[in-house]
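Asks: Spelled out, the chains give:
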Amino acid sequence: MFETVRYEGKRRLRGAAVLTAGVGAYAGFIIWYFTVLEGVDYEDVFSNLPPAMLEAFGIESLSTIEGFLGAQVFNFVWLLGLGLYFAYVGGGVVARDVETERMDLLLSLPVTRSRLLVEKFAALLVPIVAVNALGGPIIYLFVVAVGETIPPDHLFLTHLLSVPFLLVCAGIGLVFSVAVDRAAIAERGAVGTAFVLYLVESVVGGAEGYDWIQYLSPTQYYEPTPTLIDGSFEPIDSAILLLAFGGLLMISQALFERRDV
Amino acid sequence: MSDETDSPLVVEELTKDYGSVVANDAVSFTVNRGEVFGFLGPNGAGKSTTIRMLLGLLKPTSGSAKVLGADVRDEAALTEAKRRIGYLPAHLGFEEEVTGETMLDYHGAMKGEGRRDELLEVFTPPVERPIREYSTGNKRMLGLVQAFMHDPDLVIMDEPTAGLDPLKQEAFNEFVRDERDRGTTVFFSSHVLSEVRRVCDRVGILRAGSLVELENVDALLHRSGKHVRVHASGAAVAEITALDGVIRPERFAEGVQFIYAGDVNALLRELATHEIQDVELGEPPIEDVFTHYYGSREDAAEGDRSGEATDPTDSAGGTDV
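Same order as they appear, the protein sequences are chains E and G. One point on numbering: in the working numbering, the residue at position 191 of the first sequence is 191, and numbering is uninterrupted. One point on numbering: in the working numbering, the residue at position 161 of the second sequence is 161, and numbering is uninterrupted.
The hints are simulated quantities; they were obtained by calculation from the structure and are not laboratory data. Remember, predicted model here, so these are calculated numbers, not experimental data. You may find that some hints are simply not true.
Stretch-level coverage of chain G by chain E, calculated; a stretch enters the list once three of its residues show a Cβ under 8 Å from a Cβ in chain E [unchecked claim]:
hint, region
1, 55-64
2, 73-79
3, 109-120
4, 196-205
Okay, derived cross-link-like pairs now, SDA-like style, lysine to any residue, Cα gap no bigger than 20 Å in a straight line [as the list claims (entries may be wrong)]:
hint, chain 1, residue 1, chain 2, residue 2
5, G, K226, G, K168
6, E, K120, G, E179
7, G, K168, G, S210
8, G, K226, G, V192
9, G, K59, G, F29
10, E, K120, G, A171
11, E, K10, G, V127
12, G, K168, G, E179
13, G, K168, G, R197
14, G, K59, G, K226
15, G, K59, E, L255
16, G, K59, E, G92
17, G, K59, E, K10
18, E, K120, G, D105
19, G, K59, E, E257
20, E, K120, G, V192
21, G, K139, G, G108
22, E, K10, E, G92
23, E, K10, G, E96
24, E, K10, G, D105
Taking CB as the label site, the calculated pair distances span [claimed, not checked]:
hint, chain 1, residue 1, chain 2, residue 2, range
25, E, P235, G, D17, 48 to 54 Å
26, E, F76, G, Y18, 43 to 49 Å
27, G, S135, E, G231, 58 to 64 Å
The beta-carbon is built from N, C-alpha and C at its ideal position, and this holds for glycine as well.
Chain E with its partners taken away, still in its complex shape (with noise of 0.2 Å):
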């Protein structure tokens, strides 16, 4: 039981590491550059840009440090690199084994396709809960570190509401990888949708008529900023993450089952 999970998962240790680290030493900067900052109006910087591109960067109440994170951190590195990260990491978990005929020797054991996918997929937690439950504390330390303060429950509710959004872009992989043969495709695949995705959302965001293509997109269902301010969110919004990640996993299940390899 769980052999496959555990053998993934401490393959994945070195690659959430190296992730964890990046993202922290990203955020470090960002919060040093918030104290660099202090005293601009950046209000006044960014009143001229068009509403679709603050929409598309989350930009709100930029002069306190969780709007700043928001829209610096949580906006463009969850949302969008992670984001395009998970996707592209979902969219080696299969097709990569198939290409170097790895899987021919996993589905050689006893194992059922669909226990093989979903603990491959598990493994997939490691990085995603790492980069979230290390990520946190060290956003927080950063932030005392300057001096400012953010609240430990909005920025612990950010990070917890990132993760279904999280699994929903290693889902889009997912599918692509037991779609296709070449982990190249898929990967590539993955990260396209999931770009396409999220500028749908920011561009058709405002477009009347067509604003419900918005709701397609994941990004849509996982707001970091307005959490991160004052600790709101939608419940429902993380349901219906949860939900497409369900069908995700179930429609990759289906295709895996079906499919020669």
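Please arrange chain G on chain E, whose structure you already have, making use of the hints.
Replies: Same frame as chain E, but now just chain G:
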């Protein structure tokens, strides 16, 4: 499993049709408990396709197969049966970054590893090193260890000795014989006749996607003839190739090469009467054996040898004498 008395492998009309090409066309055979079965065929004949269907990696288009009593279409039953199956794929897609030890730990945790240490004394891959540093032979040995370490009842191997040096190959042959004596059923594919000759109890021959003949190894070897290459003058070559049992002679600058299916002593006597610069006698490439014995029947289906006319002396099936 309830079918303890049944044959470990029963394949009936197994077909894999990719649309553009039929990789397996109604392949049928049975492997008996405790025998070594050689699954012979030239490269591209569809051996791997059959093997991968037996393991549930590919879905058959039609037909059926039972592995240790489990239907290959029944995933739950086949998964359970895999506890007692060892598999060595033709291409060993190990994860390159991990050490052999880590890989064996993982596979061992999944299916058992009771004989791991014992096997690592026979086959000696450097398990403490990352697999990316392995030679082809070392990878093959690591693959053999993982295929046998849970003491399976049935072992399926796809081209098991590819990449092994002759000494390790001999060790492998002896190992397979010992395994059979312990009651393990071994099914392996090969395109090398000498490989199956030394270890197999029975041989099935896959050609152009279907099993065309099944006979005991001695009969097959008896009929396969010798590959002969003679360096001699033109006049001598003409007389030598006039011998009964010379098939598909091909002239080259210094002499001739052909398959000889007659009595070796007759050939040697004939050679002794000529001035010969050099002579080589050896096992024919397996494709030549097939082309000679099955070519005339299968040309239409195969097509890959259509450029070569089958020698009319093909009636030299008289080799059986």
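Asks: Hints first: check each against the structure and report whether it holds.
Replies: Hint by hint, here is what the structure shows:
Interface restraint, the region 55-64 of chain G with chain E: holds (5 residues with C-beta to C-beta distance below 8 Å; minimum three). With a cut-off of 8 Å between beta carbons, the region 73-79 of chain G has 3 residues touching chain E; three or more are needed, and the interface restraint holds. With 3 residues carrying a beta carbon less than 8 Å from a beta carbon of chain E, the region 109-120 of chain G meets the three-residue requirement, and the given coverage holds. With 0 residues bearing a CB less than 8 Å from a CB of chain E, the region 196-205 of chain G misses the requirement of three and the coverage assertion fails.
Taking the CA atoms of K226 of chain G and K168 of chain G, the gap is near 26 Å; set against the 20 Å cutoff, the hint is violated. Straight-line distance between C-alpha atoms of K120 of chain E and E179 of chain G comes to about 34 Å, which puts the hinted pair past the 20 Å bound. A threshold of 20 Å between alpha carbons decides the hint, and for K168 of chain G with S210 of chain G the separation of about 32 Å lies outside it, so the pair is violated. For a cut-off of 20 Å, the pair hint linking K226 of chain G to V192 of chain G stands: about 14 Å separates their Cα positions.
Between the alpha carbons of K59 of chain G and F29 of chain G the distance comes to roughly 18 Å, so the proposed pair stays at or under 20 Å and holds. Taken as a hint, the K120 of chain E and A171 of chain G pair is broken in the structure, with Cα atoms around 37 Å apart against an allowance of 20 Å. Simply put, K10 of chain E and V127 of chain G have alpha-carbon atoms about 19 Å apart, close enough for the 20 Å limit, and the pair holds. A distance of roughly 16 Å separates the Cα atoms of K168 of chain G and E179 of chain G; the hinted pair therefore holds under the 20 Å criterion.
A threshold of 20 Å between alpha carbons decides the hint, and for K168 of chain G with R197 of chain G the separation of about 17 Å falls inside it, so the pair holds. Restraint check: the Cα-Cα separation between K59 of chain G and K226 of chain G comes to about 39 Å, which exceeds 20 Å; the hinted pair is violated. Between K59 of chain G and L255 of chain E the alpha-carbon distance is near 13 Å, which keeps this suggested pair within the 20 Å criterion. At most 20 Å may separate the alpha-carbon atoms for a hinted pair to count; K59 of chain G and G92 of chain E exceed this at roughly 23 Å.
Note on K59 of chain G and K10 of chain E: the hinted pairing is violated, with a Cα-Cα distance of about 32 Å set against a maximum of 20 Å. With a C-alpha separation of about 17 Å, the suggested pair K120 of chain E and D105 of chain G falls inside the 20 Å cut-off, and the hint holds. Taking the CA atoms of K59 of chain G and E257 of chain E, the gap is near 10 Å; set against the 20 Å cutoff, the hint holds. The suggested pairing of K120 of chain E with V192 of chain G is violated, with an alpha-carbon distance near 38 Å, which exceeds 20 Å.
Restraint check: the Cα-Cα separation between K139 of chain G and G108 of chain G comes to about 17 Å, which is no more than 20 Å; the hinted pair holds. Taking the CA atoms of K10 of chain E and G92 of chain E, the gap is about 16 Å. The hint holds against a cut of 20 Å. Between the alpha carbons of K10 of chain E and E96 of chain G the distance comes to roughly 15 Å, so the proposed pair stays at or under 20 Å and holds. Among the hinted pairs, K10 of chain E with D105 of chain G is consistent with the structure: their alpha-carbon atoms are about 13 Å apart, no more than 20 Å.
A C-beta distance of roughly 51 Å is found between P235 of chain E and D17 of chain G, which places it inside the suggested range of 48 to 54 Å. Here the CB-CB span from F76 of chain E to Y18 of chain G is close to 46 Å, well matched to the stated 43 to 49 Å. Restraint check, S135 of chain G to G231 of chain E: a C-beta distance of roughly 60 Å satisfies the suggested window 58 to 64 Å.
The earlier numbered hints that this structure contradicts are 4, 5, 6, 7, 10, 14, 16, 17 and 20.
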